[in-house]
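Student: The lines below spell out each chain.
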Amino acid sequence: MTNANKAIHPASVASKRDIKRVALMMALYLVAVFGIGWTFRAFEPQGPLAWALAIIPALPIIGVFWTVIRYLVEETDEYLRYLVVRQCLFATGFCLSIVTIWQWLQNYEILPPSNGGFGAAFFWFVGLGFGGLFNKLTVGDWGQR
Amino acid sequence: MQNNLKVLRAMRDWSQQDLADRIGVSRQSVNAIEKGRYDPSLPLAFTIADMFELPIEEIFSRDKE
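Quick note, the sequences are listed as chains A and B, same order. First residue of the first sequence: 1, per the numbering used here; consecutive thereafter. First residue of the second sequence: 1, per the numbering used here; consecutive thereafter.
Keep in mind that the hints were calculated from the coordinates and are not lab data. Computed from a predicted model, the values in this text were never measured in an experiment. Do not take every clue at face value.
Listed next, the in silico DMTMM-like pairs over lysine to aspartate or glutamate satisfying Cα-Cα at most 25 Å (straight line) [claimed, not checked]: (1) Lys35(B) - Asp63(B); (2) Lys6(B) - Asp141(A); (3) Lys136(A) - Glu34(B); (4) Lys16(A) - Glu58(B); (5) Lys136(A) - Asp18(B); (6) Lys16(A) - Glu74(A); (7) Lys16(A) - Asp18(B); (8) Lys20(A) - Asp21(B); (9) Lys136(A) - Asp63(B); (10) Lys35(B) - Glu78(A); (11) Lys136(A) - Asp39(B); (12) Lys35(B) - Glu58(B); (13) Lys6(B) - Asp63(B); (14) Lys16(A) - Glu78(A).
Simulated restraints on C-beta separations [stated by the list, open to error]: (15) Gly119(A) - Ser15(B): 44 to 52 Å; (16) Leu54(B) - Thr76(A): 21 to 29 Å; (17) Phe130(A) - Asp39(B): 20 to 28 Å; (18) Glu57(B) - Val31(A): 50 to 58 Å; (19) Ile56(B) - Thr76(A): 15 to 23 Å; (20) Leu54(B) - Ile55(A): 51 to 59 Å; (21) Asp63(B) - Val73(A): 26 to 34 Å; (22) Gly47(A) - Thr47(B): 57 to 65 Å; (23) Ala27(A) - Pro43(B): 20 to 28 Å; (24) Asp63(B) - Phe130(A): 23 to 31 Å; (25) Ser15(B) - Val33(A): 22 to 30 Å; (26) Glu57(B) - Gln103(A): 47 to 55 Å; (27) Gly116(A) - Gln2(B): 47 to 55 Å.
Even for Gly, the Cβ is constructed at its ideal location relative to N, Cα and C.
Chain A with its partners taken away, still in its complex shape (with noise of 0.2 Å):
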């Protein structure tokens, strides 16, 4: 088979695309961050608008959740789809763990109330990353996240 004739993998196409739109989430999100985090501190926002404001920096974030979804929406490889579900599997049950350890250590005063910046996304993309490990050593492939 020839390179002329090698059609484009469908499944690189869900790829690109799943790249680029993480791309574009993780701008708005440093964009958010430093906007909101200036706005803050220059205009200390009171009421309705602070909570709005500070709701900002969540919804890119949220738009990374939505990559993930649509990525194995869009994904027509079922071998890429199977990997990519179980690092999310993975990702979902390191998070509750890690979630609910610190809740309990808290509920006992071993821990201050404070998460210090650390919400739960920030334990599920970790757990993203322990997944693909996941699939390496058992499956042999990363997968694509």
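Knowing the structure of chain A, use the given hints to seat chain B on it.
Tutor: Just chain B now, kept in the frame of chain A:
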């Protein structure tokens, strides 16, 4: 599940990438199926069988007990 994809590919002088392109999946998928690390869905197994112009049971078989 066992399969003889590697032999069938070799008989046609196809690389894993060649077969992947012909059936519309990634090379990793062909590699994982070939090595028995991933069992394909029925639709994909039929696509593979169609590509080799063989009945599905001549390509895939149950693991021996």
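Student: All hints are to be evaluated individually against the structure, with a verdict given for each.
Tutor: Checked hints:
1. Between Lys35(B) and Asp63(B) the CA atoms are separated by roughly 13 Å; this keeps the pair inside 25 Å, and the hint holds.
2. Only pairs whose Cα atoms come within 25 Å are accepted, and Lys6(B) paired with Asp141(A) is accepted, the gap being roughly 19 Å.
3. Taking the CA atoms of Lys136(A) and Glu34(B), the gap is about 17 Å. The hint holds against a cut of 25 Å.
4. Simply put, Lys16(A) and Glu58(B) have alpha-carbon atoms about 36 Å apart, too far for the 25 Å limit, and the pair is violated.
5. For the hint pairing Lys136(A) with Asp18(B), the CA-to-CA distance comes to about 24 Å; that is within 25 Å, so the pair holds.
6. Simply put, Lys16(A) and Glu74(A) have alpha-carbon atoms about 11 Å apart, close enough for the 25 Å limit, and the pair holds.
7. Restraint check for Lys16(A) and Asp18(B): satisfied, since their Cα atoms lie roughly 21 Å apart, inside the 25 Å limit.
8. Only pairs whose Cα atoms come within 25 Å are accepted, and Lys20(A) paired with Asp21(B) is accepted, the gap being roughly 24 Å.
9. Among the hinted pairs, Lys136(A) with Asp63(B) is consistent with the structure: their alpha-carbon atoms are about 23 Å apart, no more than 25 Å.
10. Between the alpha carbons of Lys35(B) and Glu78(A) the distance comes to roughly 16 Å, so the proposed pair stays at or under 25 Å and holds.
11. A C-alpha spacing of about 17 Å is found between Lys136(A) and Asp39(B), which places the hinted pair at or below 25 Å, so the restraint holds.
12. The hinted pair formed by Lys35(B) and Glu58(B) meets the criterion: a straight-line CA distance of about 17 Å does not exceed 25 Å.
13. The suggested pairing of Lys6(B) with Asp63(B) holds, with an alpha-carbon distance near 17 Å, which does not exceed 25 Å.
14. Note on Lys16(A) and Glu78(A): the hinted pairing holds, with a Cα-Cα distance of about 16 Å set against a maximum of 25 Å.
15. Roughly 46 Å separates the CB atoms of Gly119(A) and Ser15(B), a value that falls within the hinted 44 to 52 Å.
16. The supplied range of 21 to 29 Å is met by Leu54(B) and Thr76(A), whose beta-carbon atoms lie about 24 Å from each other.
17. Restraint check, Phe130(A) to Asp39(B): a C-beta distance of roughly 25 Å satisfies the suggested window 20 to 28 Å.
18. Our hint of 50 to 58 Å for Glu57(B) and Val31(A) holds, since their Cβ atoms are close to 57 Å apart.
19. Checked against the hint of 15 to 23 Å, the pair Ile56(B) and Thr76(A) passes, with Cβ atoms roughly 21 Å apart.
20. For Leu54(B) and Ile55(A), the hinted distance range of 51 to 59 Å is satisfied, since their beta carbons lie about 57 Å from each other.
21. Checked against the hint of 26 to 34 Å, the pair Asp63(B) and Val73(A) passes, with Cβ atoms roughly 32 Å apart.
22. Distance hint for Gly47(A) and Thr47(B): a CB-CB separation of about 59 Å, consistent with the stated range 57 to 65 Å.
23. The beta-carbon spacing between Ala27(A) and Pro43(B), approximately 38 Å, falls outside the hinted interval of 20 to 28 Å.
24. The beta-carbon spacing between Asp63(B) and Phe130(A), approximately 30 Å, falls within the hinted interval of 23 to 31 Å.
25. Between Ser15(B) and Val33(A) the C-beta distance comes to about 46 Å, which lies outside the given range of 22 to 30 Å.
26. Checked against the hint of 47 to 55 Å, the C-beta distance between Glu57(B) and Gln103(A) comes to roughly 53 Å, which is consistent with it.
27. The given range of 47 to 55 Å is respected by Gly116(A) and Gln2(B), whose C-beta atoms sit roughly 52 Å from each other.
Violated hints, in rising order: 4, 23, 25; the structure is consistent with all others.
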